[in-house]
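J.: Once you've looked at the hints, dock chain E against the given chain U.
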Amino acid sequence: MSKHVVLVEDELNIAEAIRFLLSNEGWRVETIANGASAVEIIRKASPDLVMLDVMLPGKSGFEILHDLREDPDCAALPVLMLTARGQSRDREMAEKAGVSKFMTKPFSNTEMLEAVRELTAS
Amino acid sequence: MAGLKQAELARDIGISASYLNLIEHNRRRIGGKLLLNIAGALGVEPQALTEGAKAALIATLREAADKTGLSGPELERADEFAGRFPVWADVLAGTRRRVLTLEQTVEALTDRLSHDPHLASSMHELLTTAAAVRSTAAILAETKTLQPEWRDRFHANINEDSRRLSDSAEALVAYLDADAEQAEAASSPQEEVEEFLASHKFSFASLEDGAGTEGEITRLIEAADPALSSPAQFIARGTLLQMARDAEELSLTRLAQQVKESGVDPLALSRHFGVPVAVILRRLAALPDLGAGLVVCDRSGSVIFRKSAEGFTVPRYSGCCPLWPIFAALASPGQVLREDVTQLGRAQARFTAFAVSETLAGPAYNAPALTQAFMLLIPVPSGKPGGISVGSTCRVCPHPSCGARREPSILGEGAEV
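Quick note, the sequences are listed as chains U and E, same order.
Just so we're aligned: 70 in this note's numbering is position 61 of the first sequence, and the numbers increase by one with no gaps anywhere.
Just so we're aligned: 206 in this note's numbering is position 204 of the second sequence, and the numbers increase by one with no gaps anywhere.
Some hints could be false.
As the list claims (entries may be wrong) - Examples of chain U residues lying across from chain E (beta carbon under 10 Å, computed):
hint, residue
1, I23
2, M64
3, A93
To be verified - Far from chain U, some chain E residues (derived; all Cβ distances over 12 Å):
hint, residue
4, A246
5, G293
6, R301
7, R352
8, H401
9, S403
10, C404
Worth flagging that the hints you see were computed from the coordinates, not collected in a lab.
Please read these numbers as outputs of a predicted model, since none were measured by experiment.
All residues carry an ideal CB built from backbone N, CA and C; glycine is no exception.
For reference, chain U alone in the conformation it holds in the complex (with noise of 0.2 Å):
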């Protein structure tokens, strides 16, 4: 059975783009353009992975990391943030929060596909 991603982004042609490149690395990939619903439904899909933006429509990308790790059942979750704030006080705030890792953009696809492999290595 493939793996599941849950990315969160508002940017389509980013979305678009990653969703590509994953599906050609056998992935199955869910987008949610809204932050505001996020939580909710990374809940209910239980994916593999979450790719979360900072700055989203709805609610912020700290905002759905924080309540992801005050669910049990998501607090182990791994959780790619991808963020065009690459300021040392957003990584900062994104490790306080429980991030996995943390990329800033523009980023290279083999960058992002490494970065998802070695998340998702177990």
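T.: Just chain E now, with coordinates in the frame of chain U:
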């Protein structure tokens, strides 16, 4: 000072408005006749003025002491300190005020850097779009067997994102440019003066008709809008005095008439009117129809006056290109230089540059001759680049192999020359 404007009061008591301003803000101590005059003009007891100033001074001293953690009975001795050491008390209070001003500036800049929502969202938009372009372009370039429908889709996405990227970049540059203009508005006294002169198109009718007295110059300076700072007033006064002296030697009307008859030839004009070439260069710069630029530098090579010409940039914060004819003129007093120049960069335009240096005051024993150099830039109508190539400043000059280069250019090698 209700009912009496600062300028009126200053005039009544015979001091400048800027000096009165310093007194009003407790930056100058007053006493004796001046104190009596101000009190008289305001209709108050002299003691009321000194008490107010002293109270403000003591409050500032207490604040300074409080900020450094001084407390208890020592803090209560601010009054005694101000009484026994009035000059030192002024110095300390002045330092405290300066610290406050600097703190406010730092706060404003820090706030700006971290909380400018427009800048933050513009950068976010740029990076996000760049990420989409990078990822999509890599897919197109690296996926050997891309199905046609995916390829078309990614091409459409990349087209859309490129346009967004370009729009966002343009919007960001426009925002930063506007901001830079604002920041430039009054960032140095020299710039204040330039703004003041530009608002008068670099010529003053009242100085041309022989009314260029000290009083008229003071009136022009005090009427400046926005008001000039003290150092800017000092610079403006020197410039206007020079203009008034030049106008006495040669009015713009006479010069314009002769230029119409014989063209722009500073040396010929100098002979015709019997005035120094430097005067001709300054006067030509003030003729509105010529669109000429003027740069003046002092003996150290520092630019002390600039009137911009479109297509020739005079840097504000870094050293000018040493290839400019003005610096050759500085090194060759008395020689009049004429050279066609084109400044490398975006808006390449050709100018005929005339440069000469002039000694400011008469000779004195063992005193250096204080010289200034002037460079007039007359746009060449054809507009095509030509003559010698010069830069504005090394940092933004694309010349690949300039012997005069002081530092690398940020434009990088291979930039168009």
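J.: Each hint needs a verdict: does it hold in this structure or not?
T.: Okay, the hints, checked on the actual structure:
no.: 1; hint: I23; result: 5 Å, holds
no.: 2; hint: M64; result: 6 Å, holds
no.: 3; hint: A93; result: 4 Å, holds
no.: 4; hint: A246; result: 55 Å, holds
no.: 5; hint: G293; result: 45 Å, holds
no.: 6; hint: R301; result: 47 Å, holds
no.: 7; hint: R352; result: 42 Å, holds
no.: 8; hint: H401; result: 33 Å, holds
no.: 9; hint: S403; result: 35 Å, holds
no.: 10; hint: C404; result: 35 Å, holds
Taken one by one, the earlier hints all hold for this structure without exception.
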